[in-house]
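Visitor: Top line first, the protein sequences correspond to chains Y and E.
In this text, residue positions in the first sequence follow numbering that gives the first Met the number 0: the first is 0, and each later residue adds one.
In this text, residue positions in the second sequence follow numbering that gives the first Met the number 0: the first is 0, and each later residue adds one.
Hints may be right or wrong, so weigh each one.
To be verified - Now the stretches of chain Y that chain E is said to cover, found in silico as 3 or more residues with beta-carbon under 8 Å:
id	region
1	83-91
2	184-192
Said to hold, decoys possible - Pairwise CB distance ranges, derived in the manner of DEER restraints:
id	chain 1	residue 1	chain 2	residue 2	range
3	E	S152	Y	P91	45 to 53 Å
4	Y	D280	E	G91	48 to 56 Å
5	E	L141	Y	W97	45 to 53 Å
6	Y	A55	E	L87	25 to 33 Å
7	Y	S84	E	R212	49 to 57 Å
8	Y	D280	E	A92	28 to 36 Å
9	Y	R42	E	G202	45 to 53 Å
10	E	L44	Y	W97	54 to 62 Å
11	E	S208	Y	P131	52 to 60 Å
12	E	N59	Y	A55	49 to 57 Å
As the list claims (entries may be wrong) - One side of the interface only, derived from the structure: several residues of chain E facing chain Y at Cβ under 10 Å:
id	residue
13	L38
14	D70
15	S124
16	K129
17	T130
18	Y143
19	H145
20	F147
21	K149
22	G153
23	V157
24	Y198
25	L200
26	F205
27	K226
For the record, the hints were derived by calculation from the structure and aren't laboratory data.
Beta carbons: idealized from backbone N, C-alpha and C, even for Gly.
Each chain is listed here by its residues.
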Amino acid sequence: MNIRRIFVVLFAAVLTAACGRDSNFSIPTAPGAIPGENSWQGRIPWSPYMVIHNDAGALSGYQTAVRELMAHDAIRGARVGMSESEVMNNSPNIINQWLAAQGLELLVIVDNYLLFHDNLEEIMDRVIALHPGATTFQIGNEITTILPKTGRTTTIEEYMKAFRRIYDHVSVKYPNITLVSQSTISAETYGSQELEKMVGLGLIRMSPQRVIIGMNVYGGPTVAGNASVINSQLRSYRVWVTESGSLDPDRQVGHVANSYPALRNQLRAERIYWYALWAGDTGQDNGFGLIKNPYNPPLWESPLYQILTGKR
Amino acid sequence: MKKCLPFITAGILFFAPGVHAQDAQKKQTEDIVNKSGGLYLEFRLIHDEGSAGKAAFVANSAGVEMMNYFDRNRLGISGYAVAYKKYLNHDGATGHFLGGKAFREFKTGPVGLKLATGFEWGNPSGKFDKTGYSYGPEGKLLSYRHVFEKRNSGIPGVKPSHDAVWRPVADFSVVKRRKAVIIEAGIRANIMRFGVDDYDLAGNGFAFSSRDRLTVVPSVFIGLGFKI
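Isolated chain E (complex conformation):
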């Protein structure tokens, strides 16, 4: 994961204000982009697929984003968004996430390219918890590996503690805004910390080993919304 961070950082810094001189033409283009500032409500479908500790994960979620586009860029950003999403895990009590992020949109031809970074916080769905078991020829359990998203936060006033996660996220998307409609499709990097625990029952007693791993779980998403 440490190898990945420079790429994410580079992508963000590349467009940060002051890093590169802004020529007049670009400024003019951005002004055009942001003429259609305002509030957008977008509905999203998201598909996560990745792996950690040799366990594979697939998770789908649906959500809504409220995006506020500024009239013109401020401090290098084009706007901000707040989001809610629910993992499709057939459990009404878990898999709820809130998010916030800042974004910058670049006009290029008929569409815009959007780079966003922010966070998600919520109670895990269980979709990122996996256990792999290894059995002997007669069905005796020999060992197993448990891979799980580490709970690094808690929901205030709710027990037990350690029941929530906080994740940094970074999006790259293609956006088309025309009149009151917004259409968006992109990819997301979810920066997640996993616990990878091994339990070996083959010997006398059992042996336990544990490690943590920071992993990027990629997502793809599509969104459709309208200006409010």
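One chain only, chain Y, in its complex shape:
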């Protein structure tokens, strides 16, 4: 072996390895507020948004918790819903009204059942009128999977027709309002496949200036599957993860520490909404909540809640 040739190969290899390298810069993944003593900033990569169920009986518990969270800059916005009957009766939701009055930014879910109505444009007018300060509205949630099989269900094809009608109406009448697409479910790659179908059914023909992609992601293959779709077919669209969390209160901190960076790095999520402040929508407390017992305070507080409010 000619020694000269060895040097040529080594030279080529070194040059090859050096090509394409840029100077590294740090990539912050948490809001840039200045951390104080016992602050969550700098400790966990929290995103100050969460789901708050519209249960009027929980108002006093919510008031205590939200004020505490706001005092520590741990909540800036909430994903909220309202019932079909409230919209049809034009009756404001007391929880949503109180949250808006505190200055929180609301992402208002247009309930799945409202999408079965023929007069979708009028429905949207009503929902928007009931939330005068809100600028983001999510059209449905887990639309093909969450509705009980005993009642009316829908397909993604039917959903996209309804979404298109609402998009056309809102684009003309409410130029300041941004829509969020229904959140696909976090179940293996079912949601990713559904998101890909939505692209083929016309999502890609809606303006990225007017539509944000919604997705619920609790972990697992859903992250990789959704990344495949948004990094190929939806590159110009913004992404909000509208639900993420852990059923085990003792793993909530770990979920934020480990999963939130992946949701940001792989899905470029602008926001991650924690599910949920109180996960009592099924009639009783469960482990997803940051608090329990909002009907009859004092509140039970999860370890994550205590970190967010500077108590540990």
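Take the given structure of chain Y and dock chain E to it, following the hints.
Guide: Here is chain E on its own, set in the frame of chain Y:
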């Protein structure tokens, strides 16, 4: 990256058959090298470290290679290898890669120098996806950059589509084969295509810009194996 390709190509062509006259001494040396032809199973640890679009990447993986050394060089190559590796990304469903390559080994003193080229194909680990966020003084999100390895392939029969990547690779390594044991250490050039997308939320609405970038991400690896 275009500047890099000539170096890779030059390195490969330099040893290709017919490019340079083979003298008798060299032929004799190669014959000695390839006397120990046969199948080797090698376990590898690989460390990738590089950057694209000002985002830095670090990824570790472990793998296994089945190498078939010919008895003597054929069409200028000393053998071929098939490989499997798994990125250490704490997710059992992603980061699996299959590979294939042809190699040529040159005897020099007590060790051999090996040049290999081939490909890797698999579902990405997420280790090469990064997003950097820029916040205002009150924590308002102003802009962000998303850098990701472009999915340029799909796994047959699996949805969603665009869920896999295909990468050319080139290795240069030092090899010691003695009796039934093989020890190897080297560097690899992973030729990867990245998407670099910028999202600016500072103004009214948001601005989006996008570009693709072909980048060489270097790796170092060590391997230990045995003849089977």
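Visitor: Work down the list of hints and note, for each, if the structure agrees.
Guide: Status of the hints after comparison with the structure:
{"no.": "1", "hint": "83-91", "in the structure": "violated (count 0)"}
{"no.": "2", "hint": "184-192", "in the structure": "holds (count 3)"}
{"no.": "3", "hint": "E:S152 x Y:P91: 45 to 53 Å", "in the structure": "holds, 52 Å"}
{"no.": "4", "hint": "Y:D280 x E:G91: 48 to 56 Å", "in the structure": "violated, 32 Å"}
{"no.": "5", "hint": "E:L141 x Y:W97: 45 to 53 Å", "in the structure": "violated, 30 Å"}
{"no.": "6", "hint": "Y:A55 x E:L87: 25 to 33 Å", "in the structure": "violated, 49 Å"}
{"no.": "7", "hint": "Y:S84 x E:R212: 49 to 57 Å", "in the structure": "holds, 53 Å"}
{"no.": "8", "hint": "Y:D280 x E:A92: 28 to 36 Å", "in the structure": "holds, 30 Å"}
{"no.": "9", "hint": "Y:R42 x E:G202: 45 to 53 Å", "in the structure": "violated, 32 Å"}
{"no.": "10", "hint": "E:L44 x Y:W97: 54 to 62 Å", "in the structure": "holds, 56 Å"}
{"no.": "11", "hint": "E:S208 x Y:P131: 52 to 60 Å", "in the structure": "violated, 34 Å"}
{"no.": "12", "hint": "E:N59 x Y:A55: 49 to 57 Å", "in the structure": "holds, 52 Å"}
{"no.": "13", "hint": "L38", "in the structure": "violated, 24 Å"}
{"no.": "14", "hint": "D70", "in the structure": "violated, 19 Å"}
{"no.": "15", "hint": "S124", "in the structure": "holds, 9 Å"}
{"no.": "16", "hint": "K129", "in the structure": "holds, 5 Å"}
{"no.": "17", "hint": "T130", "in the structure": "holds, 5 Å"}
{"no.": "18", "hint": "Y143", "in the structure": "holds, 7 Å"}
{"no.": "19", "hint": "H145", "in the structure": "holds, 4 Å"}
{"no.": "20", "hint": "F147", "in the structure": "holds, 5 Å"}
{"no.": "21", "hint": "K149", "in the structure": "holds, 7 Å"}
{"no.": "22", "hint": "G153", "in the structure": "holds, 9 Å"}
{"no.": "23", "hint": "V157", "in the structure": "holds, 8 Å"}
{"no.": "24", "hint": "Y198", "in the structure": "holds, 7 Å"}
{"no.": "25", "hint": "L200", "in the structure": "holds, 8 Å"}
{"no.": "26", "hint": "F205", "in the structure": "holds, 7 Å"}
{"no.": "27", "hint": "K226", "in the structure": "violated, 23 Å"}
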